[in-house]
Amino acid sequence: MDTKDDGKKLLISFDNIELDLLKNYPDYSVQFLNEEGFDVDAEGIFGIQQIKKIKFMTQAVYNKSKDESLLTLALAKVKEAIQDNLEKTTETLIELLQTKTPSVQYRKLENWTDEEIKNVLEDIDVIKLMEELDKDKS
Amino acid sequence: MQVKPTKNIAPENLLLEQLHNRDWKELWLKLFGRCAWILRKRYEVKWANQKLQSFSRQIIAEVINKIFIEKVRNWNLTAYPDFEDFIIGAVDSHINNTLNKKSKEVPTEVIEYFAHKKGEVDTDGSQAIVASELKEKIFDELKAHEADDDELLVFECIADGIHKPKDIKIELGLSDEDFHNIWRRLKRKREVIKSKLAEDGY
Chain A
1 MDTKDDGKKL LISFDNIELD LLKNYPDYSV QFLNEEGFDV DAEGIFGIQQ
51 IKKIKFMTQA VYNKSKDESL LTLALAKVKE AIQDNLEKTT ETLIELLQTK
101 TPSVQYRKLE NWTDEEIKNV LEDIDVIKLM EELDKDKS
Chain B
1001 MQVKPTKNIA PENLLLEQLH NRDWKELWLK LFGRCAWILR KRYEVKWANQ
1051 KLQSFSRQII AEVINKIFIE KVRNWNLTAY PDFEDFIIGA VDSHINNTLN
1101 KKSKEVPTEV IEYFAHKKGE VDTDGSQAIV ASELKEKIFD ELKAHEADDD
1151 ELLVFECIAD GIHKPKDIKI ELGLSDEDFH NIWRRLKRKR EVIKSKLAED
1201 GY
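Same order as they appear, the protein sequences are chains A and B.
When we follow the numbering used here, the leftmost residue of the first sequence carries the number 1, and every step to the right adds one.
When we follow the numbering used here, the leftmost residue of the second sequence carries the number 1001, and every step to the right adds one.
To be clear, the hints were calculated from the coordinates, so they are not data collected in a lab.
Since this is a predicted model, take the numbers as computed values, not measurements.
Please note that a few of the clues may not be correct.
Selected chain B positions facing chain A (in silico; Cβ < 10 Å) [as the list claims (entries may be wrong)]:
hint	residue
1	L1029
2	R1042
3	P1165
4	E1177
5	L1186
6	K1194
7	G1201
Some residues of chain A that are not near chain B, with every Cβ distance over 10 Å (derived) [what the hints assert, rightly or not]:
hint	residue
8	D27
9	T72
10	K88
List time: in silico DSBU-like cross-link candidates among lysine-lysine, alpha-carbon distance up to 35 Å [stated by the list, open to error]:
hint	chain 1	residue 1	chain 2	residue 2
11	B	K1194	A	K23
12	A	K79	B	K1194
13	A	K4	B	K1046
Backbone N, C-alpha and C fix where the C-beta goes; we use that ideal spot for every residue, glycine too.
Bound conformation, chain A alone (with noise of 0.2 Å):
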């Protein structure tokens, strides 16, 4: 016996046979755009440019990421060299920090805090500091 139901899984297979050659044919897929009237050279370019978008902000992500860990080393580096030579580590650090702004002039780094020490290391270039301080030590 019909049911209503019959009527509406007809059509309900008509669209699932749509979606399926929309999903696994990709020819099918480019002739339905055209179809429509949609001009696909240009939108497969411009879906080019969003992945290339997309794929440079995943770049960025990870370099931050990892330029945070570099920085949070750095720092504990910092520190662990002062308790061992304050002066050395001091004069290390502000050597390194004229060479990008001459003319500021700066404090002893015991009455630094954490934060402003991070903020001095964001502007230096922390692989280098890293290098100088496990010269100083040895």
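Fit chain B to the supplied structure of chain A, relying on the hints for placement.
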């Protein structure tokens, strides 16, 4: 007591693999085509191409952003082993949510259809989905509207419960191209079927 299955969320490296190794031009066009079809045929929006294009682009771009940048759309590998199925599901639901928020013009039954049923036909294997009396009525109606023998054969497959394109092709021994051409002619008669169903109280 029923144990709730744990979610198997794709790790970062698997996501990046999809981002860097996939043919995104092809996938973008598939997603764009799907958006266009769903908006026009399912939600029956009357937008011009320009509006439909900007809405679809916004939907796809937002979904991609949620997956790869904001990371608020997790790829559940258990539910969607295939990345394309995952992103298609995400696009469908984002269209639904966006239209639901934005507009009252979308028929409620359409929203319910996508929100709950996801367009799945509840049939078991190749079990007939239409009883023979109805099948005959629609067959005659299609014939009256000049459906050719190939279209009628495809229609019979669908009515008999074969509703995957690859299965219909195997059943009828058709190439992709032949099936696509026949389907393009038959799908234009969907409205004929819909009217006939309404006329006969289905």
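Hint check results:
no., hint, in the structure
1, L1029, "holds (6 Å)"
2, R1042, "holds (7 Å)"
3, P1165, "holds (5 Å)"
4, E1177, "holds (9 Å)"
5, L1186, "holds (8 Å)"
6, K1194, "holds (6 Å)"
7, G1201, "holds (8 Å)"
8, D27, "violated (8 Å)"
9, T72, "holds (20 Å)"
10, K88, "holds (41 Å)"
11, B:K1194 / A:K23, "holds (24 Å)"
12, A:K79 / B:K1194, "violated (76 Å)"
13, A:K4 / B:K1046, "holds (28 Å)"
Checked against the numbered hints listed earlier, the structure breaks hints 8 and 12; every other hint is satisfied.
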